[in-house]
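Number of protein chains: 2
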Amino acid sequence: MSRQILVNAFAMNTPTHLVSGTWRDPDSQSWRYKDLAFWTDLVQHLERGLFDGLFIADVLGIYDVYGGGPEAALRGGVQVPVNDPLLLVSAMAHVTEHLGFGVTASTTFDHPYTLARRFSTLDHLTRGRIGWNVVTSYLNSGARNIGLDRQLGHDERYDVADEYLEVAYKLWEGSWEDDAVVRDLDRHVFADPAKIHPIGHEGKHFRVPGIHLAEPSPQRTPVLYQAGASGRGRAFAGQHAEAVFLAVPTEAIGAARVADIRARAVAAGRDARDVKVFSSYTVVVAETDAEAHRKHDLYRSYLEPEATLALWSGWTGFDMASYDPDEPLRLVPSDAVHSTAELLGNGDWTVRDLVEQAAGLRPGGAFAVGSPATVADRIQEWVEAIDADGLNLCNVITPGSYVDFVDLVVPELQRRGVYRTSYDEGTLRRKLFGRGDRLPDTHPAARHRADVSRQSAVPAR
Amino acid sequence: MSRQILVNAFAMNTPTHLVSGTWRDPDSQSWRYKDLAFWTDLVQHLERGLFDGLFIADVLGIYDVYGGGPEAALRGGVQVPVNDPLLLVSAMAHVTEHLGFGVTASTTFDHPYTLARRFSTLDHLTRGRIGWNVVTSYLNSGARNIGLDRQLGHDERYDVADEYLEVAYKLWEGSWEDDAVVRDLDRHVFADPAKIHPIGHEGKHFRVPGIHLAEPSPQRTPVLYQAGASGRGRAFAGQHAEAVFLAVPTEAIGAARVADIRARAVAAGRDARDVKVFSSYTVVVAETDAEAHRKHDLYRSYLEPEATLALWSGWTGFDMASYDPDEPLRLVPSDAVHSTAELLGNGDWTVRDLVEQAAGLRPGGAFAVGSPATVADRIQEWVEAIDADGLNLCNVITPGSYVDFVDLVVPELQRRGVYRTSYDEGTLRRKLFGRGDRLPDTHPAARHRADVSRQSAVPAR
Chain G
1 MSRQILVNAF
11 AMNTPTHLVS
21 GTWRDPDSQS
31 WRYKDLAFWT
41 DLVQHLERGL
51 FDGLFIADVL
61 GIYDVYGGGP
71 EAALRGGVQV
81 PVNDPLLLVS
91 AMAHVTEHLG
101 FGVTASTTFD
111 HPYTLARRFS
121 TLDHLTRGRI
131 GWNVVTSYLN
141 SGARNIGLDR
151 QLGHDERYDV
161 ADEYLEVAYK
171 LWEGSWEDDA
181 VVRDLDRHVF
191 ADPAKIHPIG
201 HEGKHFRVPG
211 IHLAEPSPQR
221 TPVLYQAGAS
231 GRGRAFAGQH
241 AEAVFLAVPT
251 EAIGAARVAD
261 IRARAVAAGR
271 DARDVKVFSS
281 YTVVVAETDA
291 EAHRKHDLYR
301 SYLEPEATLA
311 LWSGWTGFDM
321 ASYDPDEPLR
331 LVPSDAVHST
341 AELLGNGDWT
351 VRDLVEQAAG
361 LRPGGAFAVG
371 SPATVADRIQ
381 EWVEAIDADG
391 LNLCNVITPG
401 SYVDFVDLVV
411 PELQRRGVYR
421 TSYDEGTLRR
431 KLFGRGDRLP
441 DTHPAARHRA
451 DVSRQSAVPA
461 R
Chain A
1 MSRQILVNAF
11 AMNTPTHLVS
21 GTWRDPDSQS
31 WRYKDLAFWT
41 DLVQHLERGL
51 FDGLFIADVL
61 GIYDVYGGGP
71 EAALRGGVQV
81 PVNDPLLLVS
91 AMAHVTEHLG
101 FGVTASTTFD
111 HPYTLARRFS
121 TLDHLTRGRI
131 GWNVVTSYLN
141 SGARNIGLDR
151 QLGHDERYDV
161 ADEYLEVAYK
171 LWEGSWEDDA
181 VVRDLDRHVF
191 ADPAKIHPIG
201 HEGKHFRVPG
211 IHLAEPSPQR
221 TPVLYQAGAS
231 GRGRAFAGQH
241 AEAVFLAVPT
251 EAIGAARVAD
261 IRARAVAAGR
271 DARDVKVFSS
281 YTVVVAETDA
291 EAHRKHDLYR
301 SYLEPEATLA
311 LWSGWTGFDM
321 ASYDPDEPLR
331 LVPSDAVHST
341 AELLGNGDWT
351 VRDLVEQAAG
361 LRPGGAFAVG
371 SPATVADRIQ
381 EWVEAIDADG
391 LNLCNVITPG
401 SYVDFVDLVV
411 PELQRRGVYR
421 TSYDEGTLRR
431 KLFGRGDRLP
441 DTHPAARHRA
451 DVSRQSAVPA
461 R
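Just so you know, the protein sequences line up as chains G and A, in that order.
Counting in our numbering, the first sequence runs from 1 upward without gaps.
Counting in our numbering, the second sequence runs from 1 upward without gaps.
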């Protein structure tokens with residue numbers, strides 16, 4: 001049987017997520033991001049298309065590396081203004097039944113005690129359809145606004161994140177036993193204190209002595225997404241992530257990355273298939289190849305080099321403002337920076353090429369343009385070549401890119417037997433892995449369940 | 001013309017908010033607090049009843065003063081487990097058109113840079129129906145879990161809150177000019193950097209140099225609720241609050257509190273009527289007085305002294321666990337503690353009396369029991385006697401207490417010409433005050449608008 005393909009939609013609570021300038025298209029509704037109906041309509045399209053989920057990126061900060069200031073990002077509306085993504089979820093859950101929600105939240109901006117309650121709340125309200133995209137944040141402009149001079153160093157951020165997750169696991173998995181809420185009408189007992197345990201966490205970065213504030217939710221720990229591209233980030237993903245979002249420019253880089261992540265999962269005592277890999281991918285589809293290419297040309301014509309480079313400069317730390325558009329690029333690849341940088345040392349790329357690549361519209365990589373059959377061919381090739389589980393589908397036009405995919409590509413993939421024809425029942429985790437609602441015993445969170453039996457004689461405090 | 005009466009519903013994302021034991025009633029659905037449909041059904045009832053808003057309390061922490069531990073609170077399910085209230089809003093906004101949402105968030109647990117974005121996001125998604133109940137938090141059990149040894153001192157918490165609001169005002173009112181988002185198709189400009197200003201805040205407690213992340217929302221600053229009962233809290237309210245939630249046990253105490261708050265508003269250069277006072281109030285209503293009294297007796301029979309005292313001990317800091325139920329109470333009133341304490345020095349109260357009073361079910365104070373006509377009489381007397389603008393309506397049974405009020409009391413108040421018969425159009429602030437969407441010029445937030453013209457020549461950074 002051919003490989004089944006999972007699909008998340010990749011969006012952000014902002015006018016322009018990744019493809020600059022397309023907000024000028026008459027069909028774009030991206031400026032309606034602040035309108036609740038924009039989101040409730042979008043997710044109903046996604047559920048009609050049997051998507052696994054909506055994956056929402058976020059940044060807390062602005063892109064101010066390019067030209068030494070935020071002007072280019074503001075002019076382009078790229079990832080600024082940007083609203084909070086978690087607050088969209090309950091409305092989207094109300095109008096859907098199966099769609100999952102993978103939402104970005106940073107270990108830098110919120111305390112684990114409050115973040116854990118937020119995700120437990122959403123796991124309850126969605127009946128187990130919430131995922132958390134764990135990020136450590138990369139924009140110094142954001143860190144400065146919460147009183148830090150700059151972000152912590154890259155590896156130190158991950159050390160904090162390791163302890164952050166430990167605290168969250170203890171709260172989610174170890175504090176309330178499954179049967180702690182008894183609602184015993186005769187004994188007049190709502191919850192049994194003997195089954196609710198303080199986590200007593202005393203670490204290097206966090207001290208959380210008390211109990212979790214939320215009762216056990218369907219999944220307890222939300223489905224854990226992660227997108228770290230660096231070596232330290234991939235180690236983190238191999239240990240913790242259940243789903244990895246991967247943005248890679250070529251099959252070769254993608255295949256190496258996926259193999260590395262699966263190997264790291266195995267090294268951490270997990271199964272290579274315990275990590276679902278969603279590869280960032282862009283599609284321009286129409287009834288015919290010719291029509292799709294016309295759309296592609298139109299979308300490329302919208303691209304604003306300055307706005308795209310504002311994003312890319314923020315991702316990589318290279319200020320691209322001084323480069324001429326037709327200048328060949330010779331940059332040194334770095335493990336810590338965006339994967340497109342790996343390409344730049346190898347070829348005769350100009351700034352224009354980089355803009356098209358960074359926007360996801362450059363043929364040859366994680367991009368398909370054409371008829372439904374052509375696009376389906378490319379997607380199957382890509383997913384198999386890099387050993388991904390599915391796509392994190394980027395938008396060029398919202399909601400148009402997703403509506404096109406649902407109407408044209410999904411039926412083609414279904415005809416080929418590589419895409420679901422109905423949803424399975426149950427939580428997001430159950431749907432993704434075909435087993436239980438809770439994390440498997442091989443996951444590092446599971447060890448904190450043991451606390452429940454060990455501490456059960458200790459009174460709650 | 002008789003005084004018009006405003007009504008908020010007063011709820012919490014928890015099985016038991018204020019009245020212990022009634023979760024055992026067959027009609028109670030309070031344990032469904034974690035179910036989205038519970039909330040979307042509730043707010044549709046409230047909007048049918050033309051309520052001004054839903055006011056949602058919150059605590060981050062557990063009540064562990066009583067008996068030196070959280071066991072009593074857990075057994076009673078009183079304000080624990082407790083889920084995040086902000087995450088309910090978008091779903092509730094989706095199913096309503098006019099209802100306001102006043103949501104509690106603490107200046108202790110989130111940074112103003114992230115909190116400001118959360119409320120801007122909700123002001124957009126609700127089209128200007130969001131309010132923020134500003135609290136400084138009182139539970140040491142919560143503070144310990146974010147790494148503090150205990151809460152800051154009471155007055156110091158308000159000093160932090162003053163600066164916290166200053167930061168938030170700068171972000172909401174001073175960062176983006178109204179016409180900063182231009183969406184200029186010809187010039188390819190989404191937002192004009194010259195109209196977006198860094199706030200450059202350097203204070204004692206916070207340093208926030210950058211711009212707000214959200215574009216201007218309908219109300220900019222959410223409608224500001226406050227509930228401080230202490231002198232310092234009332235000074236804070238007089239300066240900042242547009243709506244005050246007041247919990248007072250007698251007309252005399254209520255009238256003095258309201259007069260004090262209005263005087264403090266005037267002293268701060270505002271109008272006495274720029275602060276809407278919502279008085280905490282409990283209603284048990286039925287078709288006849290006799291039937292209502294039977295319901296009242298039933299509800300009183302559910303009360304769990306231990307659970308109610310767990311709340312009261314948390315509010316006041318007095319551990320009531322060692323008191324006998326029939327023991328006379330002689331406590332020293334304190335400015336900083338819950339207003340019921342003011343009663344205890346004056347009369348021959350027993351613990352049982354205190355339980356009934358703290359639960360809101362003791363006749364004589366902010367409580368009415370009877371037929372719709374009887375209840376309407378009491379409400380009108382109470383509101384006029386203390387010079388309140390309306391009620392913060394507590395629930396005994398959810399959603400039953402609100403459904404009863406909507407079905408029985410609202411029509412009676414409407415017949416008397418003291419309750420609206422339709423909603424006005426517009427934002428929550430416009431509905432409450434009958435003027436604009438934004439704060440009036442006399443509010444302290446307004447001075448941060450001046451920054452816009454002063455800074456407009458400075459490039460955004």
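Treat the hints as calculated values from the structure; they're not laboratory data.
One or more hints might be untrue.
[Claimed, not checked] With the C-beta cut set under 10 angstroms, the calculated list includes, among others, these residues of chain A facing chain G:
| # | residue |
| --- | --- |
| 1 | Asn13 |
| 2 | Leu88 |
| 3 | Phe109 |
| 4 | Ala286 |
| 5 | Ala321 |
| 6 | Tyr323 |
| 7 | Pro325 |
| 8 | Pro328 |
| 9 | Val406 |
[Unchecked claim] A short list of chain A residues far from chain G (calculated; beta carbon distances all over 12 angstroms):
| # | residue |
| --- | --- |
| 10 | Leu36 |
| 11 | Asp84 |
| 12 | Leu115 |
| 13 | His293 |
| 14 | Gly364 |
| 15 | Arg430 |
[Claimed, not checked] Part of the chain G face toward chain A, derived, beta carbon under 8 angstroms:
| # | residue |
| --- | --- |
| 16 | Gly67 |
| 17 | Phe109 |
| 18 | Leu122 |
| 19 | Glu215 |
| 20 | Gly417 |
| 21 | Val418 |
| 22 | Asp424 |
| 23 | Gly426 |
Ideal Cβ positions, reconstructed from N, Cα and C, are used throughout, including at glycine.
Each hint tested on the structure:
For asparagine 13 of chain A, the interface hint holds, since its Cβ comes within 10 angstroms of a Cβ in chain G; the closest pair sits about 7 angstroms apart. The criterion of a C-beta within 10 angstroms of any C-beta in chain G is met by leucine 88 of chain A, whose closest approach is roughly 6 angstroms, and the hint holds. Nearest Cβ of chain G to the Cβ of phenylalanine 109 of chain A: about 5 angstroms, under the 10 angstroms cut. The hint holds. The beta carbon of alanine 286 of chain A is not positioned within 10 angstroms of any beta carbon in chain G (closest approach about 24 angstroms), and the interface hint is therefore violated.
Interface hint at alanine 321 of chain A: violated, since its Cβ lies 14 angstroms from the closest Cβ of chain G, which is beyond the 10 angstroms cut-off. Because the closest C-beta pair between tyrosine 323 of chain A and chain G is about 20 angstroms apart, greater than 10 angstroms, the hint is violated. A least Cβ separation of about 15 angstroms between proline 325 of chain A and chain G goes past the 10 angstroms threshold, and the interface hint is therefore violated. The criterion of a C-beta within 10 angstroms of any C-beta in chain G is not met by proline 328 of chain A, whose closest approach is roughly 26 angstroms, and the hint is violated.
The interface hint given for valine 406 of chain A is violated, since its Cβ lies 22 angstroms from the closest Cβ of chain G, which is over the 10 angstroms cut-off. At roughly 5 angstroms, the least C-beta separation between leucine 36 of chain A and chain G is not larger than 12 angstroms, which violates its mark as non-interface. Separation of aspartate 84 of chain A from chain G is inadequate, the least Cβ-Cβ distance of about 4 angstroms not exceeding the 12 angstroms criterion. Here leucine 115 of chain A does not stay apart from chain G, with its beta-carbon only about 10 angstroms from theirs, under the 12 angstroms limit.
No Cβ of chain G approaches the Cβ of histidine 293 of chain A within 12 angstroms, the least distance being about 24 angstroms, so the stated non-interface status holds. At roughly 27 angstroms from the closest C-beta of chain G, the C-beta of glycine 364 of chain A stays outside 12 angstroms, upholding its exclusion from the interface. Consistency note on arginine 430 of chain A: stated as away from chain G, and its beta-carbon is indeed over 12 angstroms from all of that chain's, at 19 angstroms minimum. A distance limit of 8 angstroms between C-beta atoms decides the matter here; for glycine 67 of chain G the minimum to chain A is near 11 angstroms, and the interface restraint is violated.
Hint status for phenylalanine 109 of chain G: holds, given a least beta-carbon distance of 5 angstroms to chain A, under 8 angstroms. With a least beta-carbon distance of about 6 angstroms to chain A, the hint placing leucine 122 of chain G at the interface is held under the 8 angstroms criterion. Below 8 angstroms, beta-carbon pairs count as interface contacts, and glutamate 215 of chain G has one with chain A at about 4 angstroms; its hint therefore holds. A least Cβ separation of about 35 angstroms between glycine 417 of chain G and chain A goes past the 8 angstroms threshold, and the interface hint is therefore violated.
At a threshold of 8 angstroms, the smallest CB-CB gap from valine 418 of chain G to chain A is about 33 angstroms, leaving the interface hint violated. The restraint placing aspartate 424 of chain G at the interface with chain A is violated, with a minimum CB-CB distance near 21 angstroms, outside the 8 angstroms limit. The criterion of a C-beta within 8 angstroms of any C-beta in chain A is not met by glycine 426 of chain G, whose closest approach is roughly 17 angstroms, and the hint is violated.
Consistency note: the structure conflicts with the earlier hints numbered 4, 5, 6, 7, 8, 9, 10, 11, 12, 16, 20, 21, 22 and 23.
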